[in-house]
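Heads up, the sequence shown is in our numbering, so the first residue is 1 and it goes up one at a time.
Quick caveat, the hints were computed from the structure, so don't treat them as lab data. Since the model is a prediction, treat every value here as computed from it, not as a measurement. Incorrect hints may appear among the rest.
[To be verified] FRET-style restraints, in silico, Cβ to Cβ:
hint, residue 1, residue 2, range
1, 110, 71, 12 to 22 Å
2, 49, 88, 44 to 54 Å
3, 46, 111, 35 to 45 Å
C-beta: ideal position from N, C-alpha, C; glycine also.
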Amino acid sequence: MTEDQREQCKLQLLQLQKEHLKFEKEFAAAGDTVMLDQSSVGRLSRMDAMQGQQMALEASRRREMHAEAIEGGLRRVESSDFGTCFYCEEEIDFKRIEADPTNTRCLKCAASESID
Numbered sequence: 001m002t003e004d005q006r007e008q009c010k011l012q013l014l015q016l017q018k019e020h021l022k023f024e025k026e027f028a029a030a031g032d033t034v035m036l037d038q039s040s041v042g043r044l045s046r047m048d049a050m051q052g053q054q055m056a057l058e059a060s061r062r063r064e065m066h067a068e069a070i071e072g073g074l075r076r077v078e079s080s081d082f083g084t085c086f087y088c089e090e091e092i093d094f095k096r097i098e099a100d101p102t103n104t105r106c107l108k109c110a111a112s113e114s115i116d
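My request is simple: use the sequences and hints to build the entire structure.
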């Protein structure tokens, strides 16, 4: 991977990080406790609210995992590990990295993991 490609990936990761922080601020209250006041909301409405809360919590967990992947990508881009497959230690095709700079596996290793 060239230095220009590495810099391009770093900028892309920083942009992803910026977008993530923006979304986190917007969705900060999504996991708030659901009020179960039976006098103001019917049973089905409460069930819908609880289901919505669980979906929001799961989405929050996925966003947190993505944030960790971005942080890992930023750490790797500063080291010699960036662009190298975690499993086979071969260079990851730049098109794959360009599509998602958080990728840590080459296409072959990613495909074999999805089969296992």
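* To do: Enumerate the violated hints, using their earlier numbering and listing them in ascending order.
  => The structure breaks none of the hints.
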